[in-house]
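Whenever a hint applies, use it, and build me the whole structure from the sequences.
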Amino acid sequence: MFWIVLFSLLWPQAALADIVLPTSTTIYFEQDNAPVTAPVDFAVSCYGYSWAPGPSPELAPGSYTPVEVYSFAAQCPSYGCSIDEPYYLNYRYIDYCLLTATVDHTTSLVNIGNKPYSECDTHFTVQACTSYFDLSADPTTAARPVHSRSFWLALLLTFIIETAVLILALKVVLRKRLQPAVRWKTVLSLGVGLSAATLPYLWFVLPNIPYISVVFPKWYVWSTLVEEIIVIIVEAMLLRKWVPLSKRAAIFISAIANIASFTIGLVLAYWY
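Heads up: the sequence shown begins at 0 in numbering that gives the first Met the number 0, then just goes up one per residue.
Possibly wrong hints are sitting among the right ones.
[Unchecked claim] Below, simulated EDC-like cross-link-like pairs (lysine to aspartate or glutamate); rule was C-alpha separation at most 16 Å, straight line: (1) Lys-114 - Asp-133; (2) Lys-114 - Glu-84; (3) Lys-114 - Glu-67; (4) Lys-114 - Asp-94.
[Stated by the list, open to error] Derived Cβ-Cβ restraints for the label pairs, each shown as a range: (5) Ala-33 - Thr-121: 25 to 35 Å; (6) Pro-76 - Leu-156: 24 to 34 Å; (7) Pro-21 - Tyr-78: 18 to 28 Å; (8) Leu-167 - Ala-37: 47 to 57 Å; (9) Thr-105 - Tyr-131: 15 to 25 Å.
Please keep in mind that the hints were generated in silico from the structure rather than gathered at the bench. Ideal Cβ positions, reconstructed from N, Cα and C, are used throughout, including at glycine.
Listed below in C-alpha cells is the structure:
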C-alpha cells in the first residue's frame, strides 16, 4: 500500500489518468487581426473515433468515418473570458475540431485543429488552459467528415430496411382500411419516395445544424433522438399528403419504420 501511495504522489498524471480534471480556460476570440470584444456564443465539436476503456485500437486513416466524439458549448461575454470546461478526451482519437461561433448574428465556422483548446498546463488536480480562436478563417477551408465506403453502405442498408418496413406497413393499411385493390407498384413508389425524401435530413442536414449540438452538447443519445423525431414528423406529414391517412396512422407508420430501421441497424452494427 505504501508503494502505491508513493507512486501516486510521484506520478500524479498516472493516478489521475481516467479522472475528469477541473479545468479553467481563458479564451481569446479574434477577427481580422482585431480582438472580438462583443459577446460570442460558440460550440466546439471534435471528430474522430472512440473506443471502450482499454488500449487504443489505432485505426488506420481511411478505415473509418470520423464522427463526433466530443463537444461543448458556452458563451464568452468579453475578450479574454474564462470558462470552466473539463476536457475529458480519454478513449478518443480526434482528427480535427470545428468551432461554430456567432457574433452580432453572424456565424463563423472555423477548423481549430485536433484539440478543443490551444494549450494546457496541469497542476496536480487542476488544469489551466488558453485558447486563441481566429474567426476570420475561411469557413470553406474547414474540415468536414469524409464519408467512407462504410458510411455509404450503412446509408444504403438504412434505406433498404426503412423502405421495406414502409412498404409492408403501407400495404397492410391501404389494403385493409382504404384501398383493398391497391397495386404493389403504388405501395413500392410510396415507400421509396418517403425514404428518399427524409433520409437526407437525418444523414446530412440535421447533423450539421449547430443548434442541436448547442442544446445537447454532451448527450449524443438525446441529439440522435431529436433528429429521429424530426424525421418521423416530416415523414408523417409527407405520408398524409400523399395518402388519405389520419394523423395517428401516419405518425404510427413513420415511427414504426424509423424505429425498426434504427434498431436493425444497431444490431447489425454491433455484430459487425
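Hints, verified against the model:
no.: 1; hint: Lys-114 - Asp-133; verdict: 15 Å, holds
no.: 2; hint: Lys-114 - Glu-84; verdict: 13 Å, holds
no.: 3; hint: Lys-114 - Glu-67; verdict: 13 Å, holds
no.: 4; hint: Lys-114 - Asp-94; verdict: 9 Å, holds
no.: 5; hint: Ala-33 - Thr-121: 25 to 35 Å; verdict: 32 Å, holds
no.: 6; hint: Pro-76 - Leu-156: 24 to 34 Å; verdict: 46 Å, violated
no.: 7; hint: Pro-21 - Tyr-78: 18 to 28 Å; verdict: 24 Å, holds
no.: 8; hint: Leu-167 - Ala-37: 47 to 57 Å; verdict: 55 Å, holds
no.: 9; hint: Thr-105 - Tyr-131: 15 to 25 Å; verdict: 20 Å, holds
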